[in-house]
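Enquirer: What follows is each chain in one-letter form.
Number of protein chains: 2
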Amino acid sequence: MKARVEVTLKTGVLDPQGKAIQHALGALGFDGVDGVRQGKLIELDLAETDPEKATAALRDMCEKLLANTVIENYKIEVG
Amino acid sequence: MKARVEVTLKTGVLDPQGKAIQHALGALGFDGVDGVRQGKLIELDLAETDPEKATAALRDMCEKLLANTVIENYKIEVG
Numbered sequence: 001m002k003a004r005v006e007v008t009l010k011t012g013v014l015d016p017q018g019k020a021i022q023h024a025l026g027a028l029g030f031d032g033v034d035g036v037r038q039g040k041l042i043e044l045d046l047a048e049t050d051p052e053k054a055t056a057a058l059r060d061m062c063e064k065l066l067a068n069t070v071i072e073n074y075k076i077e078v079g
Numbered sequence: 001m002k003a004r005v006e007v008t009l010k011t012g013v014l015d016p017q018g019k020a021i022q023h024a025l026g027a028l029g030f031d032g033v034d035g036v037r038q039g040k041l042i043e044l045d046l047a048e049t050d051p052e053k054a055t056a057a058l059r060d061m062c063e064k065l066l067a068n069t070v071i072e073n074y075k076i077e078v079g
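So the protein sequences, as listed, match chains A and B. Numbering-wise, the first sequence is residues 1 to 79 according to the numbering used here. Numbering-wise, the second sequence is residues 1 to 79 according to the numbering used here.
FYI, nobody ran anything at the bench for these hints, they're computed from the structure. Take these hints with a grain of salt, some might be off.
If several chains are the same, the list does not tell them apart, and a pair holds so long as it fits within one copy or across any two.
[To be verified] List time: in silico SDA-like cross-link candidates among lysine to any residue, alpha-carbon distance up to 25 Å:
#, residue 1, residue 2
1, Lys40, Lys64
2, Lys40, Glu6
3, Lys19, Val7
4, Lys10, Arg37
5, Lys75, Gln17
6, Lys2, Ala47
7, Lys40, Gln17
Could you put the whole structure together from the sequences, leaning on the hints where they help?
Expert: Right, dumping it as structure tokens:
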């Protein structure tokens, strides 16, 4: 089954990559961009077919590898 | 207004970052991960309040900066 994990920086954590995008957009003439934050999108193809088991496994994957839970939040979508 | 842009690699484009995640998950004991693709998630805060104008501006931003349309697809969500 297909699953998606969104990893985003927690509020308050500085995001130099987002700032760089914001400045580059300004330099290109796009006005009115008040903020940019960049996160990661991870799409997984799992052999597991039970959504509950898959979600539990994904939570484990996020805690152990996919996200740095000190500075990042993660959101799991299954199916 | 808030907007989200998802930038993902087109089908068929190699994704070494995704492969690295897949192998790392395998090494950590997560079996049954048949594929991993990594994309980017860009969250923007726009001064524009009209959804149609915002979408048009975002499409322009994607074509010019946010996505490499040779190898990447982008998806815009507004509001």
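Enquirer: It remains to establish, for every hint, whether it holds in the given structure.
Expert: Going down the list of hints, with the structure as the test:
{"no.": "1", "hint": "Lys40 / Lys64", "verdict": "both (16 Å within a copy, 20 Å between copies)"}
{"no.": "2", "hint": "Lys40 / Glu6", "verdict": "both (6 Å within a copy, 9 Å between copies)"}
{"no.": "3", "hint": "Lys19 / Val7", "verdict": "both (18 Å within a copy, 18 Å between copies)"}
{"no.": "4", "hint": "Lys10 / Arg37", "verdict": "both (10 Å within a copy, 23 Å between copies)"}
{"no.": "5", "hint": "Lys75 / Gln17", "verdict": "both (20 Å within a copy, 20 Å between copies)"}
{"no.": "6", "hint": "Lys2 / Ala47", "verdict": "within (9 Å within a copy, 35 Å between copies)"}
{"no.": "7", "hint": "Lys40 / Gln17", "verdict": "both (12 Å within a copy, 12 Å between copies)"}
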